[in-house]
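The chain contents come next:
There are 2 protein chains.
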Amino acid sequence: MNANDTFMLLRAFCDELVRCGMRHACTSPGSRSAPLVLSLVREPGLRCWSHVDERCAGFFALGMAKAGGRPAAVACTSGTAAAHLAPAVHEAHEARVPLLVLTADRPPELREVGAGQTIDQVKLFGAAAKWYFDVGIHRATVDRQRWMRALACRAYWTALADRPGVVHLNFPLREPLVPEGELLEVHPGRDGGAPWVRRAPRPAGPGAPGHELLRMVSEARRGVVVAGRMEGDPDAGEAVAQFAAAAGFPLLADPLSGARRGPAAIAHYDATLRDSRAAVARPDLVIRVGDLPTSKPLRAWLARLHEAPQAPAGRGEDFAVARARQVVLDPHGAWPDPAGVLEASLPLEPGPALRALLPELSSGDPAWLDLWRAADARTAGAIEKALGRELSEPRVAALLGEALPAQATLVVASSMPVRDVETFFPTRDDAPRVLSNRGANGIDGTVSTAFGAAAAGEGPVVVLLGDVALAHDVGGLLAAGRLGLHLTIVLLNNDGGGIFHFLPIAGEEDAFEEHVATPHGLDFAHAAALYGCEHRLVEDTAGLEEALRATLGAPGTTILEVRTERPANEALHRRVWAAIAAA
Amino acid sequence: MNANDTFMLLRAFCDELVRCGMRHACTSPGSRSAPLVLSLVREPGLRCWSHVDERCAGFFALGMAKAGGRPAAVACTSGTAAAHLAPAVHEAHEARVPLLVLTADRPPELREVGAGQTIDQVKLFGAAAKWYFDVGIHRATVDRQRWMRALACRAYWTALADRPGVVHLNFPLREPLVPEGELLEVHPGRDGGAPWVRRAPRPAGPGAPGHELLRMVSEARRGVVVAGRMEGDPDAGEAVAQFAAAAGFPLLADPLSGARRGPAAIAHYDATLRDSRAAVARPDLVIRVGDLPTSKPLRAWLARLHEAPQAPAGRGEDFAVARARQVVLDPHGAWPDPAGVLEASLPLEPGPALRALLPELSSGDPAWLDLWRAADARTAGAIEKALGRELSEPRVAALLGEALPAQATLVVASSMPVRDVETFFPTRDDAPRVLSNRGANGIDGTVSTAFGAAAAGEGPVVVLLGDVALAHDVGGLLAAGRLGLHLTIVLLNNDGGGIFHFLPIAGEEDAFEEHVATPHGLDFAHAAALYGCEHRLVEDTAGLEEALRATLGAPGTTILEVRTERPANEALHRRVWAAIAAA
Numbered sequence: 001m002n003a004n005d006t007f008m009l010l011r012a013f014c015d016e017l018v019r020c021g022m023r024h025a026c027t028s029p030g031s032r033s034a035p036l037v038l039s040l041v042r043e044p045g046l047r048c049w050s051h052v053d054e055r056c057a058g059f060f061a062l063g064m065a066k067a068g069g070r071p072a073a074v075a076c077t078s079g080t081a082a083a084h085l086a087p088a089v090h091e092a093h094e095a096r097v098p099l100l101v102l103t104a105d106r107p108p109e110l111r112e113v114g115a116g117q118t119i120d121q122v123k124l125f126g127a128a129a130k131w132y133f134d135v136g137i138h139r140a141t142v143d144r145q146r147w148m149r150a151l152a153c154r155a156y157w158t159a160l161a162d163r164p165g166v167v168h169l170n171f172p173l174r175e176p177l178v179p180e181g182e183l184l185e186v187h188p189g190r191d192g193g194a195p196w197v198r199r200a201p202r203p204a205g206p207g208a209p210g211h212e213l214l215r216m217v218s219e220a221r222r223g224v225v226v227a228g229r230m231e232g233d234p235d236a237g238e239a240v241a242q243f244a245a246a247a248g249f250p251l252l253a254d255p256l257s258g259a260r261r262g263p264a265a266i267a268h269y270d271a272t273l274r275d276s277r278a279a280v281a282r283p284d285l286v287i288r289v290g291d292l293p294t295s296k297p298l299r300a301w302l303a304r305l306h307e308a309p310q311a312p313a314g315r316g317e318d319f320a321v322a323r324a325r326q327v328v329l330d331p332h333g334a335w336p337d338p339a340g341v342l343e344a345s346l347p348l349e350p351g352p353a354l355r356a357l358l359p360e361l362s363s364g365d366p367a368w369l370d371l372w373r374a375a376d377a378r379t380a381g382a383i384e385k386a387l388g389r390e391l392s393e394p395r396v397a398a399l400l401g402e403a404l405p406a407q408a409t410l411v412v413a414s415s416m417p418v419r420d421v422e423t424f425f426p427t428r429d430d431a432p433r434v435l436s437n438r439g440a441n442g443i444d445g446t447v448s449t450a451f452g453a454a455a456a457g458e459g460p461v462v463v464l465l466g467d468v469a470l471a472h473d474v475g476g477l478l479a480a481g482r483l484g485l486h487l488t489i490v491l492l493n494n495d496g497g498g499i500f501h502f503l504p505i506a507g508e509e510d511a512f513e514e515h516v517a518t519p520h521g522l523d524f525a526h527a528a529a530l531y532g533c534e535h536r537l538v539e540d541t542a543g544l545e546e547a548l549r550a551t552l553g554a555p556g557t558t559i560l561e562v563r564t565e566r567p568a569n570e571a572l573h574r575r576v577w578a579a580i581a582a583a
Numbered sequence: 001m002n003a004n005d006t007f008m009l010l011r012a013f014c015d016e017l018v019r020c021g022m023r024h025a026c027t028s029p030g031s032r033s034a035p036l037v038l039s040l041v042r043e044p045g046l047r048c049w050s051h052v053d054e055r056c057a058g059f060f061a062l063g064m065a066k067a068g069g070r071p072a073a074v075a076c077t078s079g080t081a082a083a084h085l086a087p088a089v090h091e092a093h094e095a096r097v098p099l100l101v102l103t104a105d106r107p108p109e110l111r112e113v114g115a116g117q118t119i120d121q122v123k124l125f126g127a128a129a130k131w132y133f134d135v136g137i138h139r140a141t142v143d144r145q146r147w148m149r150a151l152a153c154r155a156y157w158t159a160l161a162d163r164p165g166v167v168h169l170n171f172p173l174r175e176p177l178v179p180e181g182e183l184l185e186v187h188p189g190r191d192g193g194a195p196w197v198r199r200a201p202r203p204a205g206p207g208a209p210g211h212e213l214l215r216m217v218s219e220a221r222r223g224v225v226v227a228g229r230m231e232g233d234p235d236a237g238e239a240v241a242q243f244a245a246a247a248g249f250p251l252l253a254d255p256l257s258g259a260r261r262g263p264a265a266i267a268h269y270d271a272t273l274r275d276s277r278a279a280v281a282r283p284d285l286v287i288r289v290g291d292l293p294t295s296k297p298l299r300a301w302l303a304r305l306h307e308a309p310q311a312p313a314g315r316g317e318d319f320a321v322a323r324a325r326q327v328v329l330d331p332h333g334a335w336p337d338p339a340g341v342l343e344a345s346l347p348l349e350p351g352p353a354l355r356a357l358l359p360e361l362s363s364g365d366p367a368w369l370d371l372w373r374a375a376d377a378r379t380a381g382a383i384e385k386a387l388g389r390e391l392s393e394p395r396v397a398a399l400l401g402e403a404l405p406a407q408a409t410l411v412v413a414s415s416m417p418v419r420d421v422e423t424f425f426p427t428r429d430d431a432p433r434v435l436s437n438r439g440a441n442g443i444d445g446t447v448s449t450a451f452g453a454a455a456a457g458e459g460p461v462v463v464l465l466g467d468v469a470l471a472h473d474v475g476g477l478l479a480a481g482r483l484g485l486h487l488t489i490v491l492l493n494n495d496g497g498g499i500f501h502f503l504p505i506a507g508e509e510d511a512f513e514e515h516v517a518t519p520h521g522l523d524f525a526h527a528a529a530l531y532g533c534e535h536r537l538v539e540d541t542a543g544l545e546e547a548l549r550a551t552l553g554a555p556g557t558t559i560l561e562v563r564t565e566r567p568a569n570e571a572l573h574r575r576v577w578a579a580i581a582a583a
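Chains A and B, in that order, are what the protein sequence lines are. Just so we're aligned: 202 in the numbering used here is position 202 of the first sequence, and the numbers increase by one with no gaps anywhere. Just so we're aligned: 166 in the numbering used here is position 166 of the second sequence, and the numbers increase by one with no gaps anywhere.
Next comes chain A alone, as it looks inside the complex (with noise of 0.2 angstroms):
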């Protein structure tokens, strides 16, 4: 036993993540860690990140897995290095995006003895990791390295299959911790670059629940499509917007989705459904695919579809319908009904069963979605008349809907600016991806999941986030200079939690500025200096386009800076709403 058992065990397991489909790694200093790390940078196949912060190298990951859609791993040595993973590997776990947590650890013989740099790390993250395992310590054999390729196999495909989610391999490593001479005797892996193991995907085709669902659709007169966050499967968002127009079903999309897109999109349900007269467009069938949507007037009015309809005098027979039906399309039974409306969930995957149901359909009601498409345009009129062409948090949301190209990326902070993008994105064919962090809907590390994707995926990056999230992952900026990142970055600037002033809290005047809204008072310039980025503050609305235009061709990394006032920010959300529910 000596490091070069350690150092050839980890050559097969770092081969084999390649094979197996992963690109990219992130690493942060340490000296427990050594064989981790230098065993992943020596890694032909990855590409290996380099942060100072764990909590930063979590949330990199996360963005590059969202964005490059293949699991990516992130690598820290031991104590409390690995609890600053925690924030990310919970979105992980509630966004579902698959993440490898490879954290090193002191052999049993160095745990709770007064060692340094040393905690806990047995099932460190509980069951927010699906997989937890301890990989022990070994002699190099041809068995054993063959047992370090299958736990890298496995490890990889547990990441990725099913929900997928965490893997948490905790690597206790014993010193000498830097290789002594040549590596002998490698295990060469299987023929042709072929994984260990693989594991086949799930049968894709219909069976009894796509059965079933395609008689739910067509017993429907009116039916309604509901889509959420589906970051997994960025095809998916066509195939559901192909589906709702086939079916002529209102498709209530949440741009995060990608499928407000196509003929039955209706952008604008946020707004429309909360004037509770909207309730006279009822279905009879909901569909639902992705998270649930983060609007409030849909949430609550899915809620209230379940209570049994009154009809107004006079319209009686339009509404002898019964109380609508919902059914949820979700592959891994994961629950989104806070309400308790589901009356059935699917395990389909939204993308192929609602593609596979085409040839199916007949077209529906055009009434139904004509009733849908004219409440939205009417919306549509009023919130632009009531927004204006004035520079808005409102207005910057809208603008990145229309300004972005295909090609780009948009991550979303949570909090206000993931609202405002459900609120006022258009309907757009070629609309770009949008992410976010909506597993557990935190602001946090969302500078560092930008840079992630900014570094996995392919196209320009912006981020639209607040100043309260900027603050709270600053650090995150280090990606911009250390690893030359290319990532526009537009900073609405209320200086505090903007959305606060939308709740009760808000009246509580004794605590509600110093312990709510938290005004810092910081100047971003400052820490754009800080980190090498540029800084431009944009003061209207052409110069945000213009700045736009100019920093998604430039290389580095850049601050848009939208200087706006909560209270009046809140004054034009209701005033937007006031307009339509006058329309």
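These are computed hints drawn from the structure, not numbers from a lab. Computed from a predicted model, the values in this text were never measured in an experiment. Incorrect hints may have been included.
[Unchecked claim] Below, a sample of chain B positions facing chain A; criterion: calculated Cβ distance under 8 angstroms:
| no. | residue |
| --- | --- |
| 1 | P44 |
| 2 | G45 |
| 3 | C48 |
| 4 | S50 |
| 5 | A81 |
| 6 | K123 |
| 7 | A128 |
| 8 | S345 |
| 9 | A471 |
| 10 | H472 |
| 11 | L522 |
Glycine included, each C-beta is placed from N, C-alpha and C at the ideal position.
Start from chain A and add chain B according to the hints.
Quick look at chain B alone, frame taken from chain A:
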């Protein structure tokens, strides 16, 4: 069941925390946590410190608990917010710091159904929390208010008692989340401000373990005391020093012990014991208190003491001692023994136990202590000569040990600073208190820990850290302006992790700089500008002395930056060790 039930119960809870002795709490923004935050802020006996980043809040609370000597509370909202507390929770667990973590959560009906900002918070910190409890949701009956008062006391005393650590209370909270009118029928608690439940301290009498210790001391001809971090008892250091002096035992005391004082203190054991010939001074008894010091030479020497001694030719009779007996005084049974050489772990508080022995001691062989003192003096002289007065990382550590006033607190980052302080701090009877996160030995959270010490402690606080530690917790600087705290930051900037140059990994040139040393090129003057701190580049030793005098008396936060070179710092350390060996 309405909001006022929640608020009445939380008022009883917070009132009780103050009755037990709590004085400080941290908050961070959120919606679900509004009842917790409002109740903490409105409790007159608590001072609440607002943080944008929960990770900073966690370390800030840790620093408050260390410096203030009482449990501090940290509250946060639901979702990943709580996961950001993990690093500070693990450090508090390992370092035995009493911390009360209060997490807001969704009620059961909104868990695991796609409601926003929800992760599985049940036992979120695993074994790192000594007690986890899900508080549940209750009507504020008189009985239940009494129960809540008892719960607060139990949480406080559990964090503080026996082995101090982390108590995690998870509060599911239902809407509405703000109070509705006046609170009625608030349970008054006990008369006279007493806590609902007191927990009496353990009896401090010596008992059998004390008698065993006395017997060991009486039988020893050549005892040595090794003292490590004892932050939990600020008086222990003096008691240990008095004991060592009275017994004539050389005292190898890390500055973190507060015991590097008095005539028995051997300040330069780390440097002296690097020379293996120092094994000449072989004890027959080692009494250990506090953590095991960081010094690798000391740890190696303690491990070697277990080997049967070999007498050098011609000096046989001096070495007719058996294998050294090694004993630790540890009231919590923490088992700080990586080398497996302890013979006994005595359940004694070091300060009271050693103080109780003072009347029983007969003075030891003065030649034994003199041998050590002479070696220490030689080492001190060699260090001074090798270092010179030039500004270097060791010189900064030595200077802080000489120049800081007795009432100051020095917070020291892990990695090089804690080692340089151990190696180069002088013996001094009125030394400043020294704190460091040595539970898990991470560099993380150092800035926030220091701000917490500044918030809850007395006297000025200085933190000594490197550039990687500052980059890791750069967001912690937000406390400077937002919370108006006074802190002097002594920054050793060698643009990367200098400690790694001392390790074999430094030879792995293809990966070392990018993935291990991680130079970042940050100009921290911009960080100072971003967070409203003063920034001064210090060029020489006299300049540092002058700058320290100036900043200790002035308000606000100042960064005193000392620029060094990593390879030159390594070479200087090696020159010092060579000079000591030559002496």
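A quick look at each hint next to the structure:
1. About 12 angstroms separates the beta-carbon of B:P44 from the nearest beta-carbon of chain A, more than 8 angstroms, and the hint is not met.
2. Below 8 angstroms, beta-carbon pairs count as interface contacts, and B:G45 has none with chain A, the closest being about 16 angstroms; its hint is therefore violated.
3. Taken as an interface hint, B:C48 checks out: its beta carbon lies about 7 angstroms from the nearest beta carbon of chain A, inside 8 angstroms.
4. Annotation: B:S50 was flagged as interfacial toward chain A, and the flag holds, the nearest CB pair being 5 angstroms apart, inside 8 angstroms.
5. The restraint placing B:A81 at the interface with chain A holds, with a minimum CB-CB distance near 7 angstroms, inside the 8 angstroms limit.
6. Using the Cβ-Cβ criterion of 8 angstroms, the hint placing B:K123 at the interface with chain A is satisfied: the shortest such distance is roughly 7 angstroms.
7. For B:A128, the interface hint holds, the least distance from its beta-carbon to any beta-carbon of chain A being 7 angstroms, beneath 8 angstroms.
8. Here the hint on B:S345 is broken, as its CB sits about 12 angstroms from the closest CB of chain A, past 8 angstroms.
9. Look at B:A471: its Cβ gets to within about 5 angstroms of chain A, closer than 8 angstroms, so that hint holds up.
10. Taking 8 angstroms as the C-beta contact cut-off toward chain A, the hint placing B:H472 at the interface holds, the least distance being around 5 angstroms.
11. With 8 angstroms as the threshold, the beta carbon of B:L522 comes within range of chain A, its nearest partner Cβ sitting at about 6 angstroms, so the hint holds.
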